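Novice: Chains as they are written, first to last, in my numbering: chain A, 1 to 261; chain B, 1001 to 1263.
Incorrect hints may appear among the rest.
As a list, the in silico EDC-like pairs of lysine to aspartate or glutamate whose alpha-carbon atoms are at most 16 angstroms apart [what the hints assert, rightly or not]:
1. A/Lys54 to B/Asp1133
2. A/Lys224 to A/Glu240
3. A/Lys28 to A/Asp226
4. A/Lys54 to B/Glu1119
Here are a few chain A residues that sit away from chain B, every Cβ distance over 10 angstroms (derived from the structure) [as the list claims (entries may be wrong)]:
5. Arg61
6. Gln72
7. Asp100
8. Glu132
9. Ser212
10. Val227
11. Ser230
By construction, these hints were calculated from the structure, which means they are not laboratory data. These figures come from a predicted structure and were not determined experimentally. C-beta atoms are modelled at their ideal positions from N, C-alpha and C, and glycine is treated no differently.
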Amino acid sequence: MNGPAIEFREVLKVFPKRSGGVQTVLDKVSFSIPTGKTTVIAGGSGQGKSVTLKLILCLMRADAGRIFVHGQDVTDIEGKALEDLRTRFGVLFQGAALFDSLTVYENVSLPLRERTKKTEKEIGDQVGVTLERLGLTGHEGKYPAQLSGGMRKRVGLARALQLKPEILLFDEPTTGLDPVMTQDIYRLFAETQAQEGFSSIIVSHDIPKIFSLADQVIILNEGKMDVFTSPEEIQLSRQEHIREFVRTTMGEIYQSHLVER
Amino acid sequence: MQNNPIARLGDTGVYVLQDLGRMTFFLLKAFRGVFRRPFRFREVLRQVHFIGAGSLTVIICTAATTGMVLGLQGFYSLNKFGAEGWLGSAVSLSLIMELGPVLTALMVAGRAGSAMCAELGIMRISDQIDALDCMAIDPFRYLISPKFLAALFSVPLLTAVFDVVGIAGGYVAGVTLMGVSPGSYIESMQASVTNHDLRLGIIKSFVFGLLVVWICTGRGYFVWEIRGAGFGAESVSRVTTQAVVMSSITVLVFDYLLTAVLL
Chain A
1 MNGPAIEFRE
11 VLKVFPKRSG
21 GVQTVLDKVS
31 FSIPTGKTTV
41 IAGGSGQGKS
51 VTLKLILCLM
61 RADAGRIFVH
71 GQDVTDIEGK
81 ALEDLRTRFG
91 VLFQGAALFD
101 SLTVYENVSL
111 PLRERTKKTE
121 KEIGDQVGVT
131 LERLGLTGHE
141 GKYPAQLSGG
151 MRKRVGLARA
161 LQLKPEILLF
171 DEPTTGLDPV
181 MTQDIYRLFA
191 ETQAQEGFSS
201 IIVSHDIPKI
211 FSLADQVIIL
221 NEGKMDVFTS
231 PEEIQLSRQE
241 HIREFVRTTM
251 GEIYQSHLVE
261 R
Chain B
1001 MQNNPIARLG
1011 DTGVYVLQDL
1021 GRMTFFLLKA
1031 FRGVFRRPFR
1041 FREVLRQVHF
1051 IGAGSLTVII
1061 CTAATTGMVL
1071 GLQGFYSLNK
1081 FGAEGWLGSA
1091 VSLSLIMELG
1101 PVLTALMVAG
1111 RAGSAMCAEL
1121 GIMRISDQID
1131 ALDCMAIDPF
1141 RYLISPKFLA
1151 ALFSVPLLTA
1161 VFDVVGIAGG
1171 YVAGVTLMGV
1181 SPGSYIESMQ
1191 ASVTNHDLRL
1201 GIIKSFVFGL
1211 LVVWICTGRG
1221 YFVWEIRGAG
1231 FGAESVSRVT
1241 TQAVVMSSIT
1251 VLVFDYLLTA
1261 VLL
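Take the sequences, apply the hints, and build the full model.
Specialist: Written as structure tokens, this is what we have:
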């Protein structure tokens, strides 16, 4: 597919404050997400990372500006067109957002059962292949409450992959996971992307580790966005808020990561 | 929050209007979801079991004690005029037109309504409803509409059970304990209860069922939009309490309105 997977043009998003006035979360930001690549969105709490994801998914609407997905203007999209658009996305939520009353198998097969006309056998075959690839074979009958945090994330990833998405969105994929599980999730992500070739956006605080996957990094700060094409470019930035971000978020781990590279 | 009282009043007015608009669209989408495919018959049956069969014990207990109290109090009042023979009429009319629909709705709000509200609230704060949206699965068709259908089916049936058990309770108290003639209890009931009375009871039970499921599911679905609800688990508990209180009061207000219009 030619052109960017996602493009923001002068997008503005504000929220009303209880004390009166408004808080500008995205202040006429413009950027594009390249097709088939991985973009990391980073920034402090409340800087609009999750809002950006929700705008892409049309779970929220922009107050001004335009948003394009593969060249299609989706800013005001509604109804059937919106449903069709969403089938092109896969989303892995921060807490995996699995349905508590459904088993692993039922969770993963849900999008196929609801959005396709596949037979039960076809669904079973497809889900079986995905579960095996993600190391979940043998856990099909378990409920989310019986799974560890890492396994829940893997089930969430399996579910997100079922409709063969063109774009995968990850909201803090490794929050609450230990370093081994974090590494495991990133490895699975890299393997899956290599096989499926989707474009991806990862919202993460886990900056040093995520850099090994990123083709582009976007840093959000006070409604503005800074786009970088490499970790080195971030460290060389002369902007004070980026330097502060580098100091507080990356620290020594970042330095050691640069040495490894 | 605004400090100026007039500004605060205006702020509250705007919030109430927004909330009404939100809830109206919610109701319309819930009804639209009933007709969207694929239909969820199994989920409707599961909800009928949860709302209907699950509430049966509490309904029978409430109906039996209410009927017996009506039997005793009715006997006490009617006996003063030597009209205890009309006890069957007093008990059955009170239950069919008034107490049956109202108490059934209040019991369903307390038992099933609170559970529905909490379930949806938890699904909202744990991103499960957003996940449905992201998979292009209509949350109304998938989650809300089956609850609406089940409530509209179950609450009138529960009301009918309430009426029958209540009338039997009145019989036990009036006839067995207080010595009213069994024939006069049954005959006075048959003579005074008309189709119009039954129709009023049925209409009330449908309307109350709708109000309870609408308010309880709507509060849970919009848990983050409710003023003062806060965040996380606390917001769910607050909104659940609010849903039960609000649906109970709305049932009582509509009880008066429907009685005034339809009697």
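Novice: Quick one: which hint numbers does this structure break? Sort them smallest to largest.
Specialist: Structure breaks hints 4, 7.
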